[in-house]
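Based on these hints, arrange chain B on the given structure of chain A.
Those sequence lines, one after another, are chains A and B. The opening position of the first sequence corresponds to residue 1 in my numbering, with each subsequent residue numbered one higher. The opening position of the second sequence corresponds to residue 112 in my numbering, with each subsequent residue numbered one higher.
Watch out, some of these pointers could steer you wrong.
Claimed, not checked - Here are the simulated lysine to aspartate or glutamate pairs, DMTMM-like style, with alpha carbons at most 20 Å apart:
| # | chain 1 | residue 1 | chain 2 | residue 2 |
| --- | --- | --- | --- | --- |
| 1 | A | K3 | A | E31 |
| 2 | A | K98 | B | E170 |
| 3 | A | K110 | A | D67 |
| 4 | A | K110 | A | E31 |
| 5 | A | K98 | B | D212 |
| 6 | A | K52 | B | D212 |
| 7 | B | K191 | B | E133 |
| 8 | A | K3 | A | D82 |
| 9 | A | K98 | A | E31 |
Claimed, not checked - To give an idea of the interface, some chain A residues facing chain B are shown, with a C-beta separation under 10 Å as derived from the structure:
| # | residue |
| --- | --- |
| 10 | T8 |
| 11 | C12 |
| 12 | Y32 |
| 13 | Q38 |
| 14 | H49 |
| 15 | Y87 |
| 16 | N97 |
| 17 | L99 |
| 18 | V100 |
| 19 | F101 |
| 20 | G102 |
| 21 | G104 |
Said to hold, decoys possible - Chain A is nowhere near these chain B residues, computed Cβ spacing over 12 Å in every case:
| # | residue |
| --- | --- |
| 22 | Q117 |
| 23 | L130 |
| 24 | I164 |
| 25 | E170 |
| 26 | S178 |
| 27 | L193 |
| 28 | Q214 |
| 29 | V224 |
Note that these hints are calculated values from the structure, not bench results. C-beta atoms are modelled at their ideal positions from N, C-alpha and C, and glycine is treated no differently.
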Amino acid sequence: DAKTTQPTSMDCAEGRAANLPCNHSTISGNEYVYWYRQIHSQGPQYIIHGLKNNETNEMASLIITEDRKSSTLILPHATLRDTAVYYCIVRVMEYGNKLVFGAGTILRVKS
Amino acid sequence: SQTIHQWPATLVQPVGSPLSLECTVEGTSNPNLYWYRQAAGRGLQLLFYSVGIGQISSEVPQNLSASRPQDRQFILSSKKLLLSDSGFYLCAWSVASGDVDTQYFGPGTRLTVL
Numbered sequence: 001d002a003k004t005t006q007p008t009s010m011d012c013a014e015g016r017a018a019n020l021p022c023n024h025s026t027i028s029g030n031e032y033v034y035w036y037r038q039i040h041s042q043g044p045q046y047i048i049h050g051l052k053n054n055e056t057n058e059m060a061s062l063i064i065t066e067d068r069k070s071s072t073l074i075l076p077h078a079t080l081r082d083t084a085v086y087y088c089i090v091r092v093m094e095y096g097n098k099l100v101f102g103a104g105t106i107l108r109v110k111s
Numbered sequence: 112s113q114t115i116h117q118w119p120a121t122l123v124q125p126v127g128s129p130l131s132l133e134c135t136v137e138g139t140s141n142p143n144l145y146w147y148r149q150a151a152g153r154g155l156q157l158l159f160y161s162v163g164i165g166q167i168s169s170e171v172p173q174n175l176s177a178s179r180p181q182d183r184q185f186i187l188s189s190k191k192l193l194l195s196d197s198g199f200y201l202c203a204w205s206v207a208s209g210d211v212d213t214q215y216f217g218p219g220t221r222l223t224v225l
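Chain A extracted, bound-state conformation (with noise of 0.2 Å):
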């Protein structure tokens, strides 16, 4: 799977957007990006995944560039529940086929 590189933390103010860049130059064609989050002492939650198109649920929305090299986690309006560290991950999606979480990005919503 290919390599993720992003910023060590960030800061949101409480109602503003959250904006998680996520750098993978090396994605292949057929790799995914996914998006996961981990709020202390919890397990990790799936937040949005996609392959070319930008997506869209509930919970955020996933902007990735034409090029496919980066990519955007926006969550519209952060709330202090959404401290967490956030995972960017590029994987092929195959059984058995384990994620791997590098150190994510800790973001801080403060009041």
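Relative to chain A, chain B alone:
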């Protein structure tokens, strides 16, 4: 909707004691099941995965074992715990939909071996 359960939530065990962690999934059939370990301040390590009853694949040779006695039940065991077995144990499930296979995690079990 699908739900994944893990128990116990926390566990403190002495070195050399046995271990049994249980994971069950509700609301789906024939899921792929996974056991991961997350050591303090570190990333996820895949320990075992299973695509069906009695089918277990091991990623890392160690003193842990896994079993899948029922379709939606996954058990992680050890006969004798080591200090290095301490960590946050996570069970996950997935069901392929087309060419997408998203993994969903349980709440985890925090194990401390003393």
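Grab the minimum C-beta distance from C12 of chain A to chain B and call the hint holds if it beats 10 Å, violated otherwise. With a closest approach of 23 Å, the C12 of chain A hint is violated.
(Q) Just to be careful: measuring from the Cβ of Y32 of chain A to every Cβ in chain B, is the smallest value less than 10 Å? (A) Hint on Y32 of chain A: holds, closest Cβ of chain B at ~7 Å, below 10 Å.
A closest beta-carbon separation below 10 Å is what the hint needs, so does V100 of chain A meet it against chain B?
holds (7 Å)
- Is the interface hint for T8 of chain A satisfied, with its Cβ closer than 10 Å to some Cβ of chain B? violated (13 Å)
Can you verify the interface hint for H49 of chain A: is its Cβ closer than 10 Å to any Cβ in chain B?
Holds, because the Cβ-Cβ distance from H49 of chain A to chain B comes to roughly 6 Å (cut-off 10 Å).
Notebook entry, point to check: Would you say I164 of chain B is clear of chain A, with no C-beta pair closer than or equal to 12 Å?
Noted result: The claim holds: I164 of chain B sits with its nearest Cβ about 15 Å from chain A, beyond 12 Å.
**Message:** So, as I understand it, the hint says G102 of chain A touches chain B; can you test that by seeing if any CB pair is closer than 10 Å?
**Reply:** holds (7 Å)
Requested in this report: Quick one: work out the minimum CB distance from L193 of chain B to chain A and report holds if it exceeds 12 Å, violated otherwise.
Outcome: holds (22 Å)
Practice task
Tell me if F101 of chain A is really an interface residue toward chain B, meaning its C-beta lies closer than 10 Å to one of theirs.
Solution key: holds (5 Å)
Would the non-interface assignment of E170 of chain B survive a Cβ cutoff of 12 Å against chain A? violated (7 Å)
Let's test the interface hint: is any C-beta of chain B closer than 10 Å to that of Y87 of chain A? Holds - the Cβ of Y87 of chain A comes within 10 Å of chain B, reaching about 9 Å at its closest.
Would you check the hint for K98 of chain A and D212 of chain B, treating anything up to 20 Å between C-alpha atoms as holding? Roughly 11 Å separates the two Cα atoms, so the pair holds.
In terms of the numbered hints stated before, the structure departs from hints 3, 4, 8, 10, 11, 22, 25, 28, listed from lowest to highest.
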